[in-house]
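**Student:** So you can see what is in the structure, the chains are spelled out below.
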Amino acid sequence: MAEPFLSIQHVRKSYGTNTVVQDFSLDVEPGEFVSFLGPSGCGKTTVLRMVAGFEEPSAGKIVVGGKDITRLKPNQRNVGMVFQAYALFPNLTVAQNIAFGLKVAGMPKADSDRRVAEMLDIIKLPQMADRYPYQLSGGQQQRIALARAIAPKPKLLLLDEPLSALDAKVRVSLREEIRSIQKKLGITTIFVTHDQEEALSISDRIAVMYGGRAEQVGTPFEIYNRPATKFVANFVGTLNVLEGTVTDAGAGRVRVNSQEVALKGKLNGSKSGDTLSLALRPEAISLARQPGHDTSLSGEIAEVHFLGSVIRVRVGIGGNTVSLDTFNNSTTPPPAVGDKADISFSSGDMLVLH
Amino acid sequence: MKSGKFWAWVVFGIGTAYFFIPLLATFEFSMRMRRGVHSFDAYQVVLGDPRFQATFMYSVIAAIFTIILGVLIVVPAAYWIRLRLPQLRPIVEFITLLPLVIPAIVIVFGYIRMYGSNSPLPFLSSDLGASALLVIGYATLALPYMYRAVDTGLRTIDVRTLTEAAQILGAGWTTIITRVILPNVLIAVLSGAFLTFAIVIGEFTMASLLNRPAFGPYLQNIGANRAYEPAALAIIAFAITWGCMSLIQILSRFAPKSANRPN
Numbered sequence: 004m005a006e007p008f009l010s011i012q013h014v015r016k017s018y019g020t021n022t023v024v025q026d027f028s029l030d031v032e033p034g035e036f037v038s039f040l041g042p043s044g045c046g047k048t049t050v051l052r053m054v055a056g057f058e059e060p061s062a063g064k065i066v067v068g069g070k071d072i073t074r075l076k077p078n079q080r081n082v083g084m085v086f087q088a089y090a091l092f093p094n095l096t097v098a099q100n101i102a103f104g105l106k107v108a109g110m111p112k113a114d115s116d117r118r119v120a121e122m123l124d125i126i127k128l129p130q131m132a133d134r135y136p137y138q139l140s141g142g143q144q145q146r147i148a149l150a151r152a153i154a155p156k157p158k159l160l161l162l163d164e165p166l167s168a169l170d171a172k173v174r175v176s177l178r179e180e181i182r183s184i185q186k187k188l189g190i191t192t193i194f195v196t197h198d199q200e201e202a203l204s205i206s207d208r209i210a211v212m213y214g215g216r217a218e219q220v221g222t223p224f225e226i227y228n229r230p231a232t233k234f235v236a237n238f239v240g241t242l243n244v245l246e247g248t249v250t251d252a253g254a255g256r257v258r259v260n261s262q263e264v265a266l267k268g269k270l271n272g273s274k275s276g277d278t279l280s281l282a283l284r285p286e287a288i289s290l291a292r293q294p295g296h297d298t299s300l301s302g303e304i305a306e307v308h309f310l311g312s313v314i315r316v317r318v319g320i321g322g323n324t325v326s327l328d329t330f331n332n333s334t335t336p337p338p339a340v341g342d343k344a345d346i347s348f349s350s351g352d353m354l355v356l357h
Numbered sequence: 039m040k041s042g043k044f045w046a047w048v049v050f051g052i053g054t055a056y057f058f059i060p061l062l063a064t065f066e067f068s069m070r071m072r073r074g075v076h077s078f079d080a081y082q083v084v085l086g087d088p089r090f091q092a093t094f095m096y097s098v099i100a101a102i103f104t105i106i107l108g109v110l111i112v113v114p115a116a117y118w119i120r121l122r123l124p125q126l127r128p129i130v131e132f133i134t135l136l137p138l139v140i141p142a143i144v145i146v147f148g149y150i151r152m153y154g155s156n157s158p159l160p161f162l163s164s165d166l167g168a169s170a171l172l173v174i175g176y177a178t179l180a181l182p183y184m185y186r187a188v189d190t191g192l193r194t195i196d197v198r199t200l201t202e203a204a205q206i207l208g209a210g211w212t213t214i215i216t217r218v219i220l221p222n223v224l225i226a227v228l229s230g231a232f233l234t235f236a237i238v239i240g241e242f243t244m245a246s247l248l249n250r251p252a253f254g255p256y257l258q259n260i261g262a263n264r265a266y267e268p269a270a271l272a273i274i275a276f277a278i279t280w281g282c283m284s285l286i287q288i289l290s291r292f293a294p295k296s297a298n299r300p301n
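Residue numbers (my numbering), protein chains in the order written: chain Y, 4 to 357; chain Z, 39 to 301.
I should point out that these hints are in silico values taken from the structure, not numbers from a laboratory. The model shown is predicted, which means the values in this text are computed figures rather than measured ones. Each residue gets a CB set at the ideal place from its N, CA and C atoms; glycine is no exception. There could be a bad hint or two in this list.
Partner residues are not named here, just some residues of chain Z that face chain Y (Cβ under 7 Å, in silico) [stated by the list, open to error]: (1) E131; (2) D196; (3) A203; (4) I206; (5) I215; (6) V218.
Just chain Z, with the same shape it has in the complex (with noise of 0.2 Å):
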């Protein structure tokens, strides 16, 4: 046992290694700013920069958005499957995977021939416009991730029954969603919206064939012309990522527990 045990430390030490190692060497470039000596200058010129500022509140906007879409689509959609059209899953499931298999860049293509000036939806001949099918792509791009923590949340809880208690109390659907449904899968839905976040925050594809000033694109611009404000950067979304996944497991504490199963 004791062998084994030696060896399961060795597999971890390996594979923290591998992750560890090049993050701390990049964080450790960046931080050769300035000659001879270690500094946070390559942070202070970027967070300094305007354009970071605007860039990154752009994507954060865009990532409030994003999520308040998904949110209005996802949560009563799978809510709905569960309860009336539980023979739908599997489909509505693989539908949920295309954004995976499907390159941005094509859903991209697709929406500039579609929603292009001279279509009859002109999301493009507009910035306001552009900006909104940005956030109906992201929605798309985020779908997976979305469907899965809200599914996950509504099975833990007993969709059905608490559905029927609320309405046999003369709810509505509407209170139903709002006050039944949608706090016992609040947690879920954050871990939705956190995974959207995360990925808003760093995608390059749409946002530069669509021509918005998000934080992706101007990730790449200072990646191909600097040379330490890059590694700074990635440093930076790398913390803003784990600040969210520390978020969800914060948050997570939080759940109401499920009571409504016995035993």
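Excised from the complex, chain Y in its bound form (with noise of 0.2 Å):
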């Protein structure tokens, strides 16, 4: 593994007896794109603000190439920063909000024209110059402070929810445009976000992060496939939880709702009678048994709502209700509530949640 460009060292953040980051670490390669995603009040922005300088760890250390962060200022870290309000200044010009940092850095005025025609480049928008904020919509505006976070070639880029404040459509696109910014210069960028899918679709890496602590750091595919966690499991994608009971722990023999599931080796640490919780993405079941699916369970529709392209089905299993999506077929009616039905998926794609 490459030396990490941004590491956080067991990093504390307190006020007074309220501790919001607790003893939260990880280390960032360089060029890699990672998210922290969380519920509000999960602690990533005070982390993010943390990197930033805006707040100061009550306990830990921030290193950032090699250099001790932790008690720079934030003028003083070249770290670049996308705010969720935009924080454009109201009164300079695009070119002159792009421009700002680069005089403050001192740099002569040909220079810095240059640098921003060539920012204004990449964020396609080389017409806007000399339009004030007030005049450019939302998704232009978050653009305009992308583009001012990286005239100065920070270090550093972090994101602090910079798509929440715009419409989905522009979120997407903005989303995208931004990992391939991203990926083209190669900056390290830190994104915090709530949204799930954003952080699935963009990082590299995720930290799922819960009560001021990283619940799990992987990729995308390791998080969704393989969540640590019953609240990762449960935060990143939707989930079915069923409630079972072991009845032979030695063979990974679990009884749901009086039917056997068989769970051969995922069961370590449990013995006989324990209860425990069982979950399954609704891509992993099909209503029906299908070739390559070794468990089945029976059940009865409970609710079916027409989304257009697919059809989303809730059956319920005893006192468990599985929720599952099947593709809408024009010829085939969909199931009518109060039919009975038999659900099946593969052992392998169920996790014990702990």
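Two chains, two frames, a set of hints: combine them into the complex.
**Tutor:** Here it is as structure tokens:
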């Protein structure tokens, strides 16, 4: 593994008796795009603000490029940041906003003008140089904010929920644009979001945070398919949770509503009689027995929602309810509420939540 | 509804008459200096009087220094309170309101006792010192207006985010205040400045008790000894005040639009 470019080491942040970040550690490689994902109040923005220098850690260390920056002021860190609220200077034009950091750094005007033009090209808004922020749409303002942040060639780029204030369509196109610019410039980036789709779609790695801690750090594939904790499994993606009882720990057999499920090799540490939470992603379940699916459960259709291209079906299995999606097929009518139904899945797709 | 509108116009008419009739009467009286005809003789006498020019210039200069002092004190203070000490806002607001409650005469007697020629800070032992003390006193009198104007201006921008955005781009406090905060509250500062100007131009108590050659005492002196000139001076003072108010309105059109808050 390459030497980490950003190293957050055992960082803690308390306000009086309230600890909002507890022993948070993370190494980020050069050029990596890492997202902090979590619900409101999980401490993700506080960690980002500590990296930016707006908050001082109560304990721990932050190292960038081998240099300890924990006690440096924000204006001494050479870090770029994009804010949720754009934070463009209303009294300056687009070009002046982008040139702000260059002027503060004492760059000669000719060089600064060249860099501003280059930035405007990168964000594909070369004709907007003389406009004021109030003359731009939200998406355009946020692109200018991005250009302003990267113009001084910062060592690290911090994005604090930059897409939250934008409408859905702009959000999707801008996140792709951010990722493409980040890849092009190779700039190490931390992206804070509470939107799992955003985090899954553009990150190299995701740190899922809860209660001031990193619950799991991994690639989007790992986070989605192999959640390490119950919280991660529930927070990322849709999840069906079935309550079961271990009937034979040695053979890996679990009873779910009087039906047996085999989970060989997944019950490490569990004893016969223990109660377990078993999780299944909706896309791993089929309505009817499918080849390759080694497990099936019988139940009754509880709800049917027609969503256009897919039909969301909820199947009641005793006290549990399982949600699954099937593709809409114009020649086959959707199942009816009250019908008996079998669901099938591969036991390998079933997660045991601890 | 129609009768409601009628009564609204009646109330408006009464209010307008209450305000304008004395003004028109004063204006009309100020033009009666020449017997039998209306003329601007009183205005010619007033504007041609060297004491008018000297005292007016003195007050204008005092107003400019008061505005500079007020801006230097109020802008950083109001900015810092919004940014870092919001819990102190009610206390600071109360303090800034004190000059409206404590009469100027009390303040000026306090100054005379504190800064007399025998005190460790003998402001009153020289003309320059007394004028400086007058400017300080004026800055105190204008504090409620200046603070409120600047604070209202700061409320229209996201002070914290703009400050952080400038900081992360490498800016220090001086750059942040001069290039980010001040330009975005400039119209508010100008409103405070013009209100300060209007207060200083007509102020009598402090200037008189500190024995300064200001416009306020000159107005009082003319009023006590002449017939038509005080009326002309009153109209001139109104014109200056209204001019200031109009400038606030005109300049507010050039205010930077606040686009830093999403939607």
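**Student:** Each hint needs a verdict: does it hold in this structure or not?
**Tutor:** Okay, the hints, checked on the actual structure:
no., hint, in the structure
1, E131, "violated (26 Å)"
2, D196, "holds (6 Å)"
3, A203, "holds (4 Å)"
4, I206, "holds (5 Å)"
5, I215, "violated (13 Å)"
6, V218, "holds (6 Å)"
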